[in-house]
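Chain A: place on chain U using the hints.
Number of protein chains: 2
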Amino acid sequence: MTGAKTKLSFAISGFPEFTPEVRDAERRWLAILAQVFESYGYANIETPSVETVQTLASKGEDVDKEIYALTRLAAAGEGTAKLALHYDLTVPTARYVAKNHGNLTFPFKRYQMQRCWRGERPQEGRYREFTQCDIDVIDQDNVSLAYDAEMLEMAVVALTRLGVGPVRFQVSNRRIMDGLAQHLGLSDGTLLARILDKVDKLSTEQLSDRLSSDLGLDAAGIDTCIRYCKIKGGPDAISDGMDALGLSNPDADAGRDALCALLARVEQSRPADFVIDGDLSISRGFDYYTGVVYEARFIDFPGYPSICAGGRYENLVGQFMKRKLPGVGISIGLTRIFTKLLSEGLLEPGRRCPTDVLVAGDDSFPEAEAQALAAQIRATGANVEVLPDVSRLDKQLKYANDKGIPHVWIVRDGQHQLKDMTTGAQADISVEGFAAARAE
Amino acid sequence: MTGAKTKLSFAISGFPEFTPEVRDAERRWLAILAQVFESYGYANIETPSVETVQTLASKGEDVDKEIYALTRLAAAGEGTAKLALHYDLTVPTARYVAKNHGNLTFPFKRYQMQRCWRGERPQEGRYREFTQCDIDVIDQDNVSLAYDAEMLEMAVVALTRLGVGPVRFQVSNRRIMDGLAQHLGLSDGTLLARILDKVDKLSTEQLSDRLSSDLGLDAAGIDTCIRYCKIKGGPDAISDGMDALGLSNPDADAGRDALCALLARVEQSRPADFVIDGDLSISRGFDYYTGVVYEARFIDFPGYPSICAGGRYENLVGQFMKRKLPGVGISIGLTRIFTKLLSEGLLEPGRRCPTDVLVAGDDSFPEAEAQALAAQIRATGANVEVLPDVSRLDKQLKYANDKGIPHVWIVRDGQHQLKDMTTGAQADISVEGFAAARAE
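Listed in order, the protein sequences are those of chains U and A. Just so we're on the same page, this note's numbering is the position in the first sequence counted from 1, plus 9. Just so we're on the same page, this note's numbering is the position in the second sequence counted from 1, plus 9.
Isolated chain U (complex conformation):
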């Protein structure tokens, strides 16, 4: 991959927009992702940008602070906001599945590529508006553990096809953390998970303070947590680390079995520039995860935020209907990955415009004839345009050159020639000949 290093600066801080040639590259990415997800049988859906505040709130302490609410400008001050922009695609999908339950076939496998919004402070890789590409399976009663592996496999295939790598995936299982909470005598693992989610951002002292003040852990408990977060590696390293902590109870054991089986399974198909490791410190910031949790980062940019993340949730849909519909999913942070490669000069921009042929001519070629010829060439399947009100051929050629249009169809005194803008070669042409060459 090649491209110039691009310094990103947007009209509104935190809200990316791109030139046409960069947008073309982004569309190529979206097409590749759609193709990968569909190759595994996932159907595309979209949900509204907006959910009720009630639907979105209370899924995790960090995102709660970042929710953008909507108010009609003309009705400012008219009481509390009821609608807000979604900050991810998992919660909206859970709501969608509950709403459309009777019209869906389960397991429901969907992908969703949409913008999300978070009112956080813009910084490298963190935007206020960004596109997420999510894959999820939601089933009735039970979701096969096979999908835990399928998610990871699809994410790896997708990133590979995009030319993104090397990448490290870190995988854990919330049931092990639930087991740890029980081991520590805590009634509920949610708060423990929220605190351990910050292990990379807090110093050991800060982490100890929060474990002590928020959970009432003593020095031994804190030490257990700190040692727990250092358990990383393959199935053996995970098992050995848990044994050394004496961490064994039904939840911890079930989580360990699932994690180790998953790690062994995905190791077989792992490309050389991808690392897939167990890492018990991974908990993800959302309260709704109940099983496997995933997180991926660039190996070459270790300080950059995670580029892909997800996990298993047993009870998310249950908030919106009486049935339990568990799911598992993974989300690829398209904007975050794309802008990093763009700013590092690792992204090949696309085309400035889709035109294949510019129909050009001098004063001897009236515009009405140019438009009629353009329509004929367009009918062969090519993308064709005319530059109206410009009779100087050099200006028409400059326009084609500036826009990266590969061919100019020049008409002078009734003679038709096609100019290849890359080589400069020029040869006689007719619509029939052009159509025949395209059909080959």
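Check each hint, because a few of them may be wrong.
A pair counts as met if it fits within one copy or between any two copies, since identical chains are not told apart.
Here are the simulated EDC-like pairs of lysine to aspartate or glutamate, each with C-alpha atoms no more than 20 Å apart in a straight line [as the list claims (entries may be wrong)]: (1) 91 <-> 75; (2) 407 <-> 148; (3) 108 <-> 26; (4) 14 <-> 262; (5) 108 <-> 75.
It should be emphasised that the hints constitute simulated quantities derived from the structure, not laboratory data.
Okay, now just chain A, sitting in the frame of chain U:
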């Protein structure tokens, strides 16, 4: 086109969302529109969902009331909102062109297919969130009048390819209305255009009242306006109507010449189920239009809101930079058209899932082998899935049937057969044979 009549009901009033098979049809529409726009050389861009309130406000009295402002939920009450969701794609594009001026080649031809938001009362065809598909040309100093015709031609081709029709386009030119304002002794045509834009919604008495109270017109002036709004038809009808009113001044004459030339030009390529008429009552609700204005409606659903609209604007970009960059564009109301066809049963839904082949088997076929076979079949380019944790073949076949998966690859006791779910036919198969059949 066929399909069941669908009663639309959404989780949040005014915010459409669709089942996977309807979304598949919507994606097909988006792909068709992109193809048509690209065939004329238009490049895709996207702008953020958000602009500053300052950028969006004061473009027309109706939309001002409908702007959705953003506030961080956690910071409610912290002063006035500075950001708001865009209500169309024209204003954001003007801002985009000003911002990216140095990186674009002019004439800049772009298309944009994005969601827009308006906080209006939801009713048939009017949503709070909807997708617009816009084509615009923006040039330096002057935009060729040829693009006035190209916009209309592209909109007609696009609607035809979508199978939307019969449709009536009504076309006018704001310069004629400016000429009318001068003819009436008014200093500025903006308010006149805003009032005449309501001609369909107001009774003659209400219209007369507003013309009298807001513009101070006397009975003769009001009569002129009412007769003006009835001038419709081809070039001759437009000219005759203006002559009968005695409406002639430099603006009115220039507008008439442009409108009549445009009508004559597009009449040649008009499909049989499209009507393209001049109609001087058309002014569009936005203040920024300065030349041609377009509006289209379903002929079969005359009370339904306009499905396509646009026009020429000389000074919109100038608000964001010191140069004058005029433009002309047209917007196709995708959601408005799509939901109408859907609710009338005129839309063919797409597929429920993209899967081509379900790999199935009984207890003699372990899941690891099923996944390995699925990977092999997927490598031929097909979309393939496995239904894990289900060993009963009848359940796997039911799943394929419910999801509309056309083929099931059945493995029993080492025998491979491909079942055609439409015909029920079943025949021996191998990966090599399948790949060869696909390549044909």
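Do the hints match the structure? See the list:
For the identical chains of this complex, residue 91 and residue 75 are neighbours both inside a copy (15 Å) and across copies (16 Å), given an alpha-carbon limit of 20 Å. For the homomeric pair residue 407 and residue 148, the shortest alpha-carbon distance between copies (16 Å) is at most 20 Å, but the shortest distance inside one copy (57 Å) is not. Taking identical chains as interchangeable, the C-alpha atoms of residue 108 and residue 26 lie at most 20 Å apart only when they sit on different chains, with a minimum of 10 Å there against 33 Å within one chain. With identical chains, the CA atoms of residue 14 and residue 262 are never at most 20 Å apart, being 48 Å at best within one copy and 52 Å at best between copies.
In this assembly of identical chains, residue 108 and residue 75 lie within 20 Å of each other by CA distance neither inside one copy nor across copies; the values are 26 Å within and 27 Å between.
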